[in-house]
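*Asks:* Listed below are the residues making up each chain.
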Amino acid sequence: EPEVTQTPSHQVTQMGQEVILRCVPISNHLYFYWYRQILGQKVEFLVSFYNNEISEKSEIFDDQFSVERPDGSNFTLKIRSTKLEDSAMYFCASRGRNSGTGELFFGEGSRLTVL
Amino acid sequence: GNSVTQMEGPVTLSEEAFLTINCTYTATGYPSLFWYVQYPGEGLQLLLKATKADDKGSNKGFEATYRKETTSFHLEKGSVQVSDSAVYFCALSDPTSGTYKYIFGTGTRLKVLA
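Protein sequence lines, in the order shown, are assigned to chains A and B.
Once you know that position 27 of the first sequence is 27 in my numbering, the rest is easy, because the numbers rise by one and skip nothing.
Positions in the second sequence are counted from 1; adding 115 to them yields my numbering.
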């Protein structure tokens with residue numbers, strides 16, 4: 001069964017460092033998303049991406065964040081200068097064109113720890 | 116705006132007890148509704164879904180019915196097992212958002228004791 005894959009599964013970084021989280025969405029999907037879950041809290045929407053541009057972003061997604069689809073398969077989330085409060089689990093998700101239900105398929109997540 | 120409200124956890128039950136986790140939503144239009152489960156240290160797994168009023172989603176003994184009149188999507192299971200211990204998230208697919216982004220509830224932690 002097709003799945004969304006994310007790397008790394010866990011990354012530890014120093015405050016102020018740049019981090020890139022990678023996602024490989026399901027191959028024929030066209031809509032891509034990043035969500036964040038701070039430990040023990042709710043899952044929060046960060047950004048959606050379609051047709052090589054951001055289609056919607058939340059207040060959390062400030063200038064420190066960027067997304068990119070550098071090739072036909074990867075979808076990345078970059079945090080330019082990490083802060084302690086960026087420590088969280090980051091989930092990538094994708095959706096197919098004809099998903100009338102709007103169902104998203106999630107990856108296993110990338111845990112980011114900022115020290 | 117659109118929102119999802121879940122009952123506060125944690126919920127602690129004995130094995131074979133009946134489970135209900137309440138979920139209500141606020142949305143304009145007709146959202147699709149989902150329950151996701153997150154086992155310790157793992158990602159989000161789709162448990163069940165319903166796309167229109169009166170639909171019943173079911174999976175692994177869990178059920179939830181899309182009730183438009185009460186704007187609810189309560190999760191139920193007749194007999195829980197220790198292996199059901201996890202965090203359960205109710206979510207809706209925002210119909211007013213052209214991106215179909217999900218809005219999640221806060222999650223309800225379930226602990227089942229042997």
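Possibly wrong hints are sitting among the right ones.
[What the hints assert, rightly or not] Estimated spans, in silico, between C-beta atoms of each pair:
no. : chain 1 : residue 1 : chain 2 : residue 2 : range
1   : A       : S58       : B       : K183      : 39 to 47 Å
2   : A       : T13       : B       : S194      : 40 to 48 Å
3   : B       : G193      : A       : H10       : 47 to 55 Å
4   : B       : S129      : A       : G40       : 39 to 47 Å
5   : A       : T13       : B       : G193      : 39 to 47 Å
6   : B       : S194      : A       : G16       : 50 to 58 Å
Because the hints were derived from the structure by calculation, they are not lab data.
Where is the CB? At the ideal position from N, CA and C, for every residue including glycine.
*Asks:* Tell me the hint numbers this structure goes against, listed in increasing order.
*Replies:* Result: hints 1, 3 and 4 break, sorted rising.
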